[in-house]
Amino acid sequence: MNLNYSEEQVMLREQIQKFCESEYDFYTREKIVKSSDDFDSNVWKLFAEQGWLSMAFSEENGGLGFGAVELAVLFEEFGKALVIEPYLATVVLSGTLLDKSNYSKKSDLIEKICSGDMHISLAYAEANKNYDYLNSDTTLDNNILNGTKTLVLNGGNSDKVIVTCIKDKKLTLVIIDSNTKGVSINSFKTIDDQSCAEISFENVEIDNDAIIACDLEAIELINESINLATLCVSAEAVGCMESCYLKTVEYTKGREQFGQPISNFQVLQHRMVDMFVESELAKSLLFKAMLEVDSNSEDKYKHVSALKSQIGRSGKLSAQDAVQLHGGMGVSEEMMIGHYLKKMVSIDALFGNSDYHLKKFAS
Amino acid sequence: MDINFTKEDIAFRDEVRDWLNNGGYPKHVKEKTDKGITISKQDQIDFHKALAEKGWMGYNWPVEHGGTGWSATQLYIFNKEFGLAGCPPLLAFGVSMVAPVIWTFGNDEQKAKYLPDILNFNTWWCQGYSEPGSGSDLASLKTKAVLENDHYIVNGSKTWTTLAQHADWIFCLVRTDSSGIKQEGISFLLIDMNTPGIEVKPIITIDGEHEVNSVFFTDVKVPVKNLIGEEGKGWTYAKFLLAHERFGIASVGASMRQLNKLKKIVSELDNPELDKKICELEVSLSALEITELRLLSALENGGHPGAESSILKIKGTEMQQNISQLYVEAAGEYAIMYPGPHGYSSNDKPAGPDYAANSLSAFLNLRKTSIYGGSNEIQKNIISKFVLGV
Numbered sequence: 574m575n576l577n578y579s580e581e582q583v584m585l586r587e588q589i590q591k592f593c594e595s596e597y598d599f600y601t602r603e604k605i606v607k608s609s610d611d612f613d614s615n616v617w618k619l620f621a622e623q624g625w626l627s628m629a630f631s632e633e634n635g636g637l638g639f640g641a642v643e644l645a646v647l648f649e650e651f652g653k654a655l656v657i658e659p660y661l662a663t664v665v666l667s668g669t670l671l672d673k674s675n676y677s678k679k680s681d682l683i684e685k686i687c688s689g690d691m692h693i694s695l696a697y698a699e700a701n702k703n704y705d706y707l708n709s710d711t712t713l714d715n716n717i718l719n720g721t722k723t724l725v726l727n728g729g730n731s732d733k734v735i736v737t738c739i740k741d742k743k744l745t746l747v748i749i750d751s752n753t754k755g756v757s758i759n760s761f762k763t764i765d766d767q768s769c770a771e772i773s774f775e776n777v778e779i780d781n782d783a784i785i786a787c788d789l790e791a792i793e794l795i796n797e798s799i800n801l802a803t804l805c806v807s808a809e810a811v812g813c814m815e816s817c818y819l820k821t822v823e824y825t826k827g828r829e830q831f832g833q834p835i836s837n838f839q840v841l842q843h844r845m846v847d848m849f850v851e852s853e854l855a856k857s858l859l860f861k862a863m864l865e866v867d868s869n870s871e872d873k874y875k876h877v878s879a880l881k882s883q884i885g886r887s888g889k890l891s892a893q894d895a896v897q898l899h900g901g902m903g904v905s906e907e908m909m910i911g912h913y914l915k916k917m918v919s920i921d922a923l924f925g926n927s928d929y930h931l932k933k934f935a936s
Numbered sequence: 602m603d604i605n606f607t608k609e610d611i612a613f614r615d616e617v618r619d620w621l622n623n624g625g626y627p628k629h630v631k632e633k634t635d636k637g638i639t640i641s642k643q644d645q646i647d648f649h650k651a652l653a654e655k656g657w658m659g660y661n662w663p664v665e666h667g668g669t670g671w672s673a674t675q676l677y678i679f680n681k682e683f684g685l686a687g688c689p690p691l692l693a694f695g696v697s698m699v700a701p702v703i704w705t706f707g708n709d710e711q712k713a714k715y716l717p718d719i720l721n722f723n724t725w726w727c728q729g730y731s732e733p734g735s736g737s738d739l740a741s742l743k744t745k746a747v748l749e750n751d752h753y754i755v756n757g758s759k760t761w762t763t764l765a766q767h768a769d770w771i772f773c774l775v776r777t778d779s780s781g782i783k784q785e786g787i788s789f790l791l792i793d794m795n796t797p798g799i800e801v802k803p804i805i806t807i808d809g810e811h812e813v814n815s816v817f818f819t820d821v822k823v824p825v826k827n828l829i830g831e832e833g834k835g836w837t838y839a840k841f842l843l844a845h846e847r848f849g850i851a852s853v854g855a856s857m858r859q860l861n862k863l864k865k866i867v868s869e870l871d872n873p874e875l876d877k878k879i880c881e882l883e884v885s886l887s888a889l890e891i892t893e894l895r896l897l898s899a900l901e902n903g904g905h906p907g908a909e910s911s912i913l914k915i916k917g918t919e920m921q922q923n924i925s926q927l928y929v930e931a932a933g934e935y936a937i938m939y940p941g942p943h944g945y946s947s948n949d950k951p952a953g954p955d956y957a958a959n960s961l962s963a964f965l966n967l968r969k970t971s972i973y974g975g976s977n978e979i980q981k982n983i984i985s986k987f988v989l990g991v
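In order, the protein sequence lines correspond to chains A and B.
Residue numbering for the first sequence follows my numbering, starting at 574 and increasing by one per position.
Residue numbering for the second sequence follows my numbering, starting at 602 and increasing by one per position.
So that you can see chain A by itself, here it is in the shape it has in the complex (with noise of 0.2 angstroms):
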């Protein structure tokens, strides 16, 4: 047995928060999130240069065919940093789908992505379907698309939507560019500060070219990828965590009242104490997914669960126990802390939410 990270994880983590240190503090993610745009496409090419955007994709098709493990670190400093370019739809999301898939066209789509000149978005959810993404009501009959698609997320900055619809009643996966006539894109700002889109489509003619995958593949193409995104969130959420608790050591240490730093106070210091030890237990069962998904395990979805589940209950508690610590402050937007709450709420809320994946793991 070995817990503990190779040199070459070490290595890239310590690249990661280089770079959010130096190229990414809040003060600079604020002027992003200010800016017009959903995204820096400046920091995307960085992402490009360093590439954190090839990582995921085998090696076959131009990635460096790295696994869960290094996802999970990068997305766990992503948290820290509270990154909000879009990396979970275009690389996650879609990228690894793709590179997964037989589809014909793969490699040059995974090689824009890896360059940062693509993005694309997987058009998963609909409305009222109550995170069983394996329901559709969008229909592709004689290759013309119909349907109305709900947060596709960075889904008003893709250069290619994935859909999923049904064919001849089976799943099927179709790949659209976003300016084909007939689908219309509605865009929305997300709690944290990301951007989701509505997106329907009105008789949209598909080349038969653009079929990625039908029927068994396409589902377990689609559970594959909703599940490593599962497993990237829930990494999110244990560096979120992780900063919640740190930061609020920090913050009570400096903060002075009734003559004293408000950290002598021994409630406050076994609130921050039950906030590392959730911060330790959280970041346990990420490491056993981590580890199940790497090896493609058959328990891999179960143990993304049972991670998803812990993270969607003991996170939100931290980042409420590190706003109520911060007291005034941690509700002030212009401190980074009330920002990792709203985080939480969006991890819990996507992909299915503590309670959902607790019934799944039990299942």
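Calculated from the structure, these hints are not laboratory results.
Wrong hints could be hidden among the right ones.
Below are the PhoX-like pairs computed for lysine-lysine, each with C-alpha atoms no more than 25 angstroms apart in a straight line [stated by the list, open to error]:
(1) A:K856 - A:K933
(2) A:K702 - B:K877
(3) A:K607 - B:K950
Assemble chain B onto chain A, guided by the hints.
Below, chain B without anything else, positioned relative to chain A:
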């Protein structure tokens, strides 16, 4: 023992209900608050003026100052009915915070100058208590007032000042003496917000709202006649004021309304986990309600419920937060979408439940409740010191 209200109390409740439902509560304000839209300054004024016209603005005032002279039970009923009707919280700064200080410790001239305007909502007050370095430890405040002839010269800053951007007046705790123990050098000053040298800067909160502010004072000249009571006695007045702030702190009526609305939403979701959580909150809310009634009953029977009322602050705010949390859970995936405090405009509203945006707004906004008014940690200190005696 009888847990029911008297006939007279029920008649009073019906009178309040009638006013709320039949035109008293301004329709345009009701429409906005029902939809969870932030109301404007004018809406606030319209709402409070309507109350003043009805003669209810002095809901917790004695008759001699133009108030209603209601019993504690009537006050409870009034507050609960307003909460159940979904009214915006009454602005407490004038009517139930500074006014009792003025009529108790102010002179006749001050009473005549300030109280009628408060009773008619002609003046909007805000509270100058917290400072960047003085939150829970309020007595450590540093904003300084130095007497020069017939004026105090005020320098310093206040923070988390609710709706200071709308206020005509601010009541301030200022330091007039730094020589002795910190509680003894504090004075209570009324300051016209239009005085030169006052600057109000917005603090935007995590829900995107501009509700609180920093207020900066640079050589602000305040006439000596604006001092309430004696110099150096401000801390005594502040503590007196905090006792009045307890009114309605449990927000039972408002929480009941929110929980009932949530029950309707969740009943259509087929979500047993959420159903269970709602039941748990219903039980907690019932416990909170009866606790408030027990304190009320003690008060009506000549008792002096003191530190026990901190239970209402702790549990009332936790209740509000927990309900808002379940709204967010009910919104499911749509909890990631957030248009900001003002909601979506009608022509670009995305799919997903109507309540999703408001749920998040409330969830984020209500984080403040366990922090302000003496944080819940401070409330627990109060209980352990004054109730448990440890």
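Taking the hints in turn, this is what the structure says about them:
no.	hint	verdict
1	A:K856 - A:K933	20 angstroms, holds
2	A:K702 - B:K877	22 angstroms, holds
3	A:K607 - B:K950	22 angstroms, holds
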